[in-house]
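S.K.: Sequence:
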Amino acid sequence: MRRRPCVIAVIENGEIRCGLTNAYTGLGGIPYRLLKGTATQGEQARPLFESMKCHTEVSPEKYQNYLDHPESADDFSAMIEIDLDQNIIRVDEDMGEEREYHEFPLDALLEQAKQLRSSFTKQGSNVISQKRIYRAMKDFEAKPPEQGMTMGGLSQ
Numbered sequence: 001m002r003r004r005p006c007v008i009a010v011i012e013n014g015e016i017r018c019g020l021t022n023a024y025t026g027l028g029g030i031p032y033r034l035l036k037g038t039a040t041q042g043e044q045a046r047p048l049f050e051s052m053k054c055h056t057e058v059s060p061e062k063y064q065n066y067l068d069h070p071e072s073a074d075d076f077s078a079m080i081e082i083d084l085d086q087n088i089i090r091v092d093e094d095m096g097e098e099r100e101y102h103e104f105p106l107d108a109l110l111e112q113a114k115q116l117r118s119s120f121t122k123q124g125s126n127v128i129s130q131k132r133i134y135r136a137m138k139d140f141e142a143k144p145p146e147q148g149m150t151m152g153g154l155s156q
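Under the numbering used here, think of the first position of the sequence shown as 1, with each following residue one higher.
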């Protein structure tokens, strides 16, 4: 069975970059990338998109086209938008029986990821299990929009 890619959009300093990746399949792989991209004292952080391990960069218009056609969402394991400018992460992820949409404050995700970091090293993996990350984030969930997922900086 072919692994479906994850499509990602990163909005940082007003710039939108989008890509496809097979490096991870949903929210569980994102905390590692976010923590890895965080600058330490005396270092300058590199743009987050650079650490996303996208195998193909796509235009913001193509990403928006994916969002505009929800009937093709199952072509992707997840559609993730990380908006650093607005401190929010939006996720439309295949949860097995159906897809689910979630929005979380990015800083809360980073805090939870720091607490769950031990699971990265203990399991020799860069991924937190899907159930574990959603369970950790349940108290931080923002109310989802009425019309489904739209890209924060592109949809009007």
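Just so you know, these hints were derived from the structure itself, not from any lab.
Positions of the beta carbon are idealized from the N, C-alpha and C atoms, including for glycine.
Some hints could be false.
What the hints assert, rightly or not - Capping the alpha-carbon separation at 27 angstroms, the derived lysine-lysine pairs in DSSO-like fashion look like this:
no. : residue 1 : residue 2
1   : Lys36     : Lys131
2   : Lys114    : Lys138
3   : Lys36     : Lys138
4   : Lys114    : Lys131
5   : Lys53     : Lys114
6   : Lys62     : Lys114
7   : Lys62     : Lys138
8   : Lys36     : Lys53
Stated by the list, open to error - Here are the computed distance ranges between Cβ atoms for each label pair:
no. : residue 1 : residue 2 : range
9   : Asn65     : Lys138    : 16 to 22 angstroms
10  : Glu97     : Gly14     : 34 to 40 angstroms
11  : Glu71     : Gly96     : 16 to 22 angstroms
S.K.: Which numbered hints are broken by the structure, listed smallest first?
M.R.: 6, 7, 9
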